[in-house]
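Asker: Could you fit the two chains together into a complex? Lean on the hints.
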Amino acid sequence: QKEVEQNSGPLSVPEGAIASLNCTYSDRGSQSFFWYRQYSGKSPELIMSIYSNGDKEDGRFTAQLNKASQYVSLLIRDSQPSDSATYLCAVNLNNFNKFYFGSGTKLNVKP
Amino acid sequence: KAGVTQTPRYLIKTRGQQVTLSCSPISGHRSVSWYQQTPGQGLQFLFEYFSETQRNKGNFPGRFSGRQFSNSRSEMNVSTLELGDSALYLCASSPLPNTGELFFGEGSRLTVL
Chain A
32 QKEVEQNSGP LSVPEGAIAS LNCTYSDRGS QSFFWYRQYS GKSPELIMSI YSNGDKEDGR
92 FTAQLNKASQ YVSLLIRDSQ PSDSATYLCA VNLNNFNKFY FGSGTKLNVK P
Chain B
4 KAGVTQTPRY LIKTRGQQVT LSCSPISGHR SVSWYQQTPG QGLQFLFEYF SETQRNKGNF
64 PGRFSGRQFS NSRSEMNVST LELGDSALYL CASSPLPNTG ELFFGEGSRL TVL
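Heads up: the sequence lines are chains A and B, in that order. Residue 32 is where the first sequence starts when you use our numbering, and the numbers rise one by one after that. Residue 4 is where the second sequence starts when you use our numbering, and the numbers rise one by one after that.
Quick caveat, the hints were computed from the structure, so don't treat them as lab data. There may be inaccurate statements among the hints.
[To be verified] Derived DMTMM-like pairs (lysine to aspartate or glutamate); straight-line CA-CA distance at most 20 Å:
#1 Lys129(A) to Glu36(A)
#2 Lys87(A) to Asp114(A)
#3 Lys137(A) to Asp109(A)
#4 Lys98(A) to Asp86(A)
#5 Lys129(A) to Glu104(B)
#6 Lys87(A) to Asp109(A)
#7 Lys73(A) to Glu104(B)
#8 Lys60(B) to Glu104(B)
#9 Lys73(A) to Glu109(B)
#10 Lys129(A) to Glu55(B)
#11 Lys129(A) to Asp58(A)
#12 Lys60(B) to Glu34(A)
#13 Lys87(A) to Glu104(B)
#14 Lys137(A) to Glu76(A)
#15 Lys60(B) to Asp58(A)
#16 Lys87(A) to Glu76(A)
#17 Lys129(A) to Glu78(B)
If we strip away everything but chain B, and leave its shape as in the complex, we get (with noise of 0.2 Å):
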């Protein structure tokens, strides 16, 4: 079985530009959470996603945005971006909501200049 597949792996923007990350799912689950990564902060909850609804949201600016698609793959946008949002954005996939189990993919690395 597939797991949680991230696009793209790497990407370089500058101050300003907008960016899209997408997310595939493992097979059959229907949940999408979406994490930043950064080694000051940790990991923090940015939203997530089941049965193409936002479910939850963190504490993250309006820049910040996502959907899900019928087929559960998820993408999140971040617009005007900043120098503080560079970081490793994880997507995580659930078979259901409330599960508590989360799998990651291996993340999209955003270096912003």
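Pulled out of the complex, with its shape left as it was, chain A reads as follows (with noise of 0.2 Å):
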């Protein structure tokens, strides 16, 4: 069993809509949890981080921790073509720079 799991895509949502990304972790201990997004030929960046259980939000993009069910989701609201990308899931086990990545979600967003 993978450490970090994502459905791989292609996730098609028209324009304006909402776009939900699920990520599930295997181990308990896991203390952080990121958002990153990477664009085709580039290198990830994070749009989001979570370490207690609830929703947070930045701007359109909400992210949601469940500890006892072990998953991660990310909420991208009014989507924007420019939010077509790829999303990569990130757990952090014991608080060390050393993080275990899903094979990330593919977003399209359609005009």
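Answerer: Shown next as structure tokens:
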């Protein structure tokens, strides 16, 4: 079993819709959770971090964490074509800078 | 502020050779991590350095090694290259360890023939 699992997609949503990206992780001891966005041919960039159960909102992005169910999700409201990218879920076990990344979900936002 | 700089950006090697990749972190960042990215395996952690000390290592063979210098610049080395080592090698820096925020460079794309 992989430490972090994501549906590879592609996930296609129309412009203006809500995109929902999900991630599950295997280690209950995981401490912190991150979402990175990677455009084709580019390096990953951090868009959200979440450390405690519940929701965290930042602009059009909302990260949700449920430690009991061991899943993390990312909601993108009012999706734009510029949001089209691969979204990587990353999990940190012990707060050192060692992260387990999921394989990523490719998001296509259609105009 | 300059970002994370990786050199070389592209390189082609043959099996059995060795390669050294370089990473200059963002000024002031003292933690440097290395990741391998392949289409099949995704992003996999190689190792992390802070204050010239390797703090964590991923599940890679001993052919993969690294080091960090006093100015926080880091190098990684892969010896006895195999075809399966073809990948994008990404370096990421953080201002401190345990921040959870990685700033990635553009990567070094290695092709092994």
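Asker: Look at each hint and say if it fits the structure.
Answerer: Outcome of the hint check:
1. Simply put, Lys129(A) and Glu36(A) have alpha-carbon atoms about 17 Å apart, close enough for the 20 Å limit, and the pair holds.
2. Taking the CA atoms of Lys87(A) and Asp114(A), the gap is near 19 Å; set against the 20 Å cutoff, the hint holds.
3. Between Lys137(A) and Asp109(A) the alpha-carbon distance is near 17 Å, which keeps this suggested pair within the 20 Å criterion.
4. Between Lys98(A) and Asp86(A), the direct Cα distance comes to roughly 12 Å. Compliance with the 20 Å bound is thereby established for this hinted pair.
5. Restraint check for Lys129(A) and Glu104(B): satisfied, since their Cα atoms lie roughly 11 Å apart, inside the 20 Å limit.
6. Restraint check: the Cα-Cα separation between Lys87(A) and Asp109(A) comes to about 17 Å, which is no more than 20 Å; the hinted pair holds.
7. About 17 Å separates the Cα atoms of Lys73(A) and Glu104(B), which keeps this hinted pair within 20 Å; it holds.
8. Taking the CA atoms of Lys60(B) and Glu104(B), the gap is near 18 Å; set against the 20 Å cutoff, the hint holds.
9. Simply put, Lys73(A) and Glu109(B) have alpha-carbon atoms about 6 Å apart, close enough for the 20 Å limit, and the pair holds.
10. Distance hint between Lys129(A) and Glu55(B) is fulfilled; the C-alpha atoms sit about 16 Å from each other, no more than 20 Å.
11. Using a Cα cut-off of 20 Å, the hinted pair Lys129(A) and Asp58(A) holds, with the two alpha carbons roughly 14 Å apart.
12. For the given pair, Lys60(B) sits about 16 Å from Glu34(A) by alpha-carbon distance, which is consistent with the 20 Å threshold.
13. Restraint check for Lys87(A) and Glu104(B): the C-alpha separation of about 16 Å stays at or below 20 Å, so the hint holds.
14. As the CA atoms of Lys137(A) and Glu76(A) are separated by approximately 15 Å, the hinted pair is consistent with the 20 Å bound.
15. Under the criterion of a C-alpha separation no larger than 20 Å, the hint pairing Lys60(B) with Asp58(A) is consistent with the structure, at around 18 Å.
16. At roughly 18 Å between alpha-carbon atoms, Lys87(A) and Glu76(A) fall within 20 Å of each other, so this suggested pair holds.
17. Proximity of Lys129(A) to Glu78(B) is assessed by CA-CA distance (about 17 Å); at most 20 Å being required, the pair is judged to hold.
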